[in-house]
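Participant: Take a look at the letters that make up each chain.
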Amino acid sequence: MNAEELQQIATAAQEERAKFDFAVNVCMGTGCLSQHSDKVKAALEKEAGECGKKCHVRRTGCMGLCAAGPMVLMEPSEARYGHVHEGDAKEVIASLGGEPVARLDPRLGGYFDGQRHVVLENSGHIDPEKIDEYIARGGYEALVKALTDMNPASVIEQISKSGLRGRGGGGYPTGLKWDTVAKVKGAQKYVICNGDEGDPGAFMDRSVLESDPQRVIEGMAIAAYAIGATKGYIYVRAEYPLAVQRLTVALQQARRRGFLGNGICETTFGFDIDIRLGAGAFVCGEETALIASIEGKRGTPRPRPPYPAVSGLWGEPTLINNVETFANVAPIIRNGGEWFSSMGTARSKGTKVFALTGKIQRTGLVEVPMGMTLRQIIFGIGGGVPDGRKFKAVQTGGPSGGCLPEEHLDLSISYDALISAGSMMGSGGMIVMDDTSCMVSVARFFMEFCMTESCGKCVPCRAGTVQMYELLSKICAGEATHRDLDRLTELCEVVGATSLCGLGQTAPNPVLSTLRYFKHEYLAHIDEKRCPAGVCECSPVEKPQPQEVHA
Amino acid sequence: MPLYAERPPLPSEDKRWRIVNGTMRKHGYSRNALIETLHTVQSSFGFLDEPAIKFVAQSLRVPLSQAYGVVTFYHFFSLKPPGRHTCTICTGTACYIKGSDKLVAETEKLLHVKPGQTTPDGEVSFTTARCVGACGRAPVTLLDGELSGQMEPAELKAQLERWTMQ
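Protein chains in written order, with our numbering: chain A, 358 to 908; chain B, 49 to 214.
Simulated from the structure, these hints should not be mistaken for lab results. You may find that some hints are simply not true.
As the list claims (entries may be wrong) - Under the rule of at most 20 Å between Cα atoms (straight-line distance), these lysine to aspartate or glutamate pairs were calculated in the EDC-like manner:
| hint | chain 1 | residue 1 | chain 2 | residue 2 |
| --- | --- | --- | --- | --- |
| 1 | B | Lys150 | A | Glu894 |
| 2 | B | Lys150 | A | Asp792 |
| 3 | A | Lys654 | B | Asp149 |
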């Protein structure tokens, strides 16, 4: 494979596309499939076959707006329809080349205003199980360019120049990480893609893997070339069966096209990827725990250093990046590091995909440039809080993050700004809460999560999360005193400072951030034995029996 | 004593064991294949019982304690056979905010079982999940593996009643 052959494949795929006057893209992501978009697609295909127009009905990945599923995107008119059912097929096909069907308008509002798609550029436009459609949209150009025109050092230089930082939450500069692994000497190096998206409320990685799996494979292959690895693993949650299936197909196709295997692009570079399934342990998102899990062991983290860059999988130098990080690599190599660094803020470059969920009008995936304010995302893109309720808080960063109140809505999003506000970027979940949510019980929910997900290796996390959970339950039940609150604060410090891995170190964050911004709610539970939101057990409006959240 | 014990024979005539063996062969009977193999057992048999764990541990030459440790560490693996139907309620953050606790309470009330248990007649297994990644459709349930979003307690109740009435 060289640039010319790649161009031929792209041209052939584009010609294939040009045979049709219209394309009807049907979202077949997990969200829309649960609303039977497969039946919608079948109905559309039947109608398209009968109408006589040159129309291609295509299966695609996520189009973002999961709330309005099943979603359909028309090409070339770019009209979007929401809540499409089998019965609408005739009308949709009849509207091709004419006026769009007003009845099916998903009322996007400003959903796509201000969004900038880099990672999601192909989502909703290509069939994830057809590699040629990916190539037709510029896919694998970056890999061919890297292998034929660039040496490993210049690949790393471009990544460093782009300012890309790890999208899994930590925000470690990707270029620096690659450079470290590249410089370590080792007979066998590994590239691992972390697709163990355990943060509840986040589904960006699932969506990328389901909608555009080739992009992740290409990113990994470029990384392998840059650091000198020959073997890669993608670690995916077993809870994402569709992502695993699409990825399996994508790997086969990439091998067949010669982008994986020996002698890629007529060079001596060889690289192949295997899938490893997670088995439902949140802690496996931590890199050393993930490595243990790939080795077939219990997913318990180990102290760092040595970092995986020096001693990772089977003791060899290993590069671990998140799905979204790898998804950014190909566009950076294709367009240059400077192009990427022109987006975003001074220290957080590029775009970030967020999963906008909770009490919000338009739930779904959004990709915005770094530096956009929370208000723009929640009220502009998301359409604000529904049912006339009042916005209370937005939770970012999953169980390691925090809840930010209304005063912080004008915070512009970057790794550093979120940390200084007491939360963190995390993998990109953004959960909006209205005044019906009790912040103490939200803190308890996250603590319960950390408690059950603690691997049990180190004492501060194993015992501390249990104690903090008990204290929070006591507060929720209206049985706590100020001494309990003091003890909770103290425990937060101890667990945060002394735990072995990120899970324990960040477990107190939801408590600390709610204590910082919603202390009055804690005090209402303690002093007045009342839950301001009427959620907790102590509240007389709710059922008198204690209600537990179960794992 | 031989340095390497022989690989154990298949536990029974059941053809599904050949699938399990196939996974191990694919990985060259390497110890690293433990989790992959357990996944195959679980997807073929629905759960992992003692003979299965023993067979896998012996075939891969992994200490039984380590195999058992792995099985109990990961939530995905189940030591108990599932019921005829499974009802999984997602209790991720987005679903929690949208009231999945009400769905859990409704199910507990109706089936008289706690999450992780199966009704005594073996009809319905009730579990909770830590986010299935369909947060845009919260609250989400998986009924017999089929994902349904924006679930109302009444709708869930109707479905569960259909199962238990049969």
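Participant: Now tell me if each hint is right for this structure.
Facilitator: Hints and how they fare:
For a cut-off of 20 Å, the pair hint linking Lys150/B to Glu894/A stands: about 14 Å separates their Cα positions. At roughly 18 Å between alpha-carbon atoms, Lys150/B and Asp792/A fall within 20 Å of each other, so this suggested pair holds. A threshold of 20 Å between alpha carbons decides the hint, and for Lys654/A with Asp149/B the separation of about 33 Å lies outside it, so the pair is violated.
The structure shown violates just one earlier hint, number 3.
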